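Top to bottom, those sequences are chains L and Z.
All residue numbers for the first sequence refer to full-length UniProt numbering, where the first residue is 1 and numbers rise by one.
All residue numbers for the second sequence refer to full-length UniProt numbering, where the first residue is 1 and numbers rise by one.
Any given hint could turn out to be false.
[Unchecked claim] Computed list of chain L residues with no C-beta within reach of chain Z, every gap over 10 Å:
#	residue
1	W188
2	Q191
3	A216
[Claimed, not checked] Covered stretches of chain L, as calculated for chain Z (at least 3 residues, CB under 8 Å):
#	stretch
4	117-125
5	164-175
6	192-200
[As the list claims (entries may be wrong)] Ranges of calculated distance between the beta carbons of each label pair, as one might list FRET restraints:
#	chain 1	residue 1	chain 2	residue 2	range
7	Z	R176	L	E82	49 to 59 Å
8	Z	H235	L	D51	51 to 61 Å
9	L	Q191	Z	F104	48 to 58 Å
What the hints contain is simulated information worked out from the structure, not anything from laboratory work.
Computed from a predicted structure; not experimentally measured.
For glycine and all other residues, C-beta sits at the position ideal for the given N, C-alpha and C.
Protein chains: 2
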Amino acid sequence: MSGFDGFLIDLDGTIYRGDLLIDGAADTVRRLFREGKRVVFVSNRGNISRDMCKAKLAGMGLDVPAESLLLTSTASGMYLKERDPDSAVWVLGEQGLKDELATFGIRLAPRPEDSDWLVITLHETVTYRELNMAFRAIRSGARILATNEDRMVPTAEGDSLDVAGMIGAVCHPAGRWPDVVIGKPSEWMAQAALRTLGLPPERCLVIGDSLHSDIALAKRHGMSAALVLTGLADHGSAYGGEYKPDYVWDSIAGLNGLLEGV
Amino acid sequence: MSGFDGFLIDLDGTIYRGDLLIDGAADTVRRLFREGKRVVFVSNRGNISRDMCKAKLAGMGLDVPAESLLLTSTASGMYLKERDPDSAVWVLGEQGLKDELATFGIRLAPRPEDSDWLVITLHETVTYRELNMAFRAIRSGARILATNEDRMVPTAEGDSLDVAGMIGAVCHPAGRWPDVVIGKPSEWMAQAALRTLGLPPERCLVIGDSLHSDIALAKRHGMSAALVLTGLADHGSAYGGEYKPDYVWDSIAGLNGLLEGV
């Protein structure tokens with residue numbers, strides 16, 4: 001088993017794709033819990049809360065404790081609570097992000113002009129009016145925090161526009177770009193995950209579908225990495241990036257071979 | 001009257017702001033027509049057709065012939081008809097642009113993947129799904145034409161996000177930016193306007209509220225320029241840009257002084 005005690009597991013493209021559980025994912029995760037491994041699900045999703053995520057996984061037959069979930073909505077709340085707890089934020093994003101920020105006591109600004117931070121995440125029901133309000137927040141001097149800056153997210157309909165679209169819509173015209181990006185592969189996200197696991201990086205394996213976020217997270221912060229091909233990456237791109245995975249599996253079920261020492 | 005025979009007049013922020021006619025605009029325009037001056041309304045609006053624009057002006061009590069209207073939807077249709085008439089286009093924008101392109105015989109692609117061009121304009125009812133489809137067009141290799149790249153447009157609610165927002169939403173995540181930008185201050189727009197007027201540039205005056213688009217259009221292409229302060233620009237910024245206006249007026253009614261030789 002080569003000494004991995006902790007597992008950082010991505011969600012979109014690794015555990016599920018849209019609302020569909022990926023074959024073998026649930027059994028593999030259950031086995032980890034059964035064998036007493038420490039697990040944290042580390043997702044660049046910033047538009048849902050941990051409660052929503054837990055419910056989604058439960059709906060797919062996978063019960064995980066909320067403490068095992070580290071979303072970028074969660075990590076953004078942690079960041080603001082630690083660095084700027086009295087600030088008022090304007091959100092370009094969905095209710096899930098607002099709910100998650102509220103669990104950290106973060107206050108929403110009444111108007112864009114009153115905000116200290118604009119927090120940007122994926123917004124699948126975005127309107128022009130909301131883009132315009134976020135643009136006004138930037139023009140009024142709000143600093144910009146993006147939950148992540150992924151270009152694409154794997155969905156049931158194929159690879160779809162991710163947070164980079166929301167960022168581009170308001171930052172390109174404003175001529176000002178995010179001051180802080182929370183999501184993988186950031187130091188902030190790595191430290192939050194390792195703190196959750198209570199383990200040093202060398203005993204941890206990151207499992208995910210994205211070279212840019214998951215494999216980079218592992219390699220920048222001293223962890224091992226397994227790339228799964230159920231999301232954004234394919235065989236052709238597996239070793240083409242700046243950061244190389246230690247393992248490449250067709251799906252997360254490939255972890256079983258590792259657990260069995262094959 | 002210092003020899004101006006032709007007038008290139010901007011619309012948003014110069015003639016109207018949102019649905020409100022700017023004080024004195026209608027009388028000044030009527031006077032130009034009465035005195036036999038040649039007039040073309042040159043707007044970076046790409047989300048409406050000439051028919052819609054004519055109806056909007058008529059609704060405000062200002063009757064102008066459709067031939068006097070040069071929108072970026074119009075100029076985009078001219079461009080595609082001249083340069084790539086058999087191409088199929090995907091539109092990120094409103095019905096008005098599609099209608100205007102149709103008057104030039106431009107064909108819409110059935111799917112984003114089938115498009116030769118992605119045409120981007122302001123889209124005030126944009127949805128995530130539409131952004132995603134435009135993103136797919138770029139990823140499939142479509143060239144990108146933007147009706148304009150203005151950051152802000154003056155509206156009744158204040159300065160609002162313009163086409164640069166739509167461009168940023170799909171081009172930033174795709175990592176590819178417009179191949180062609182049609183609107184002011186482009187050469188294409190200047191030539192189209194001068195062709196409509198049938199006059200050499202030195203006999204023409206551009207009147208508009210934007211230093212970046214109107215005043216730049218005039219100064220880059222040998223015309224004179226009057227900045228009006230009813231839109232984006234204020235007194236403080238009037239002479240601060242790269243291109244300096246010849247005249248600065250509180251509104252287009254300032255033209256009356258010029259017509260009277262004051």
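Hint by hint, here is what the structure shows:
| no. | hint | in the structure |
| --- | --- | --- |
| 1 | W188 | holds (22 Å) |
| 2 | Q191 | holds (27 Å) |
| 3 | A216 | holds (17 Å) |
| 4 | 117-125 | holds (count 3) |
| 5 | 164-175 | holds (count 12) |
| 6 | 192-200 | violated (count 0) |
| 7 | Z:R176 to L:E82: 49 to 59 Å | violated (37 Å) |
| 8 | Z:H235 to L:D51: 51 to 61 Å | holds (53 Å) |
| 9 | L:Q191 to Z:F104: 48 to 58 Å | holds (57 Å) |
Of the numbered hints stated above, those contradicted by the structure are hints 6 and 7, listed in ascending order.
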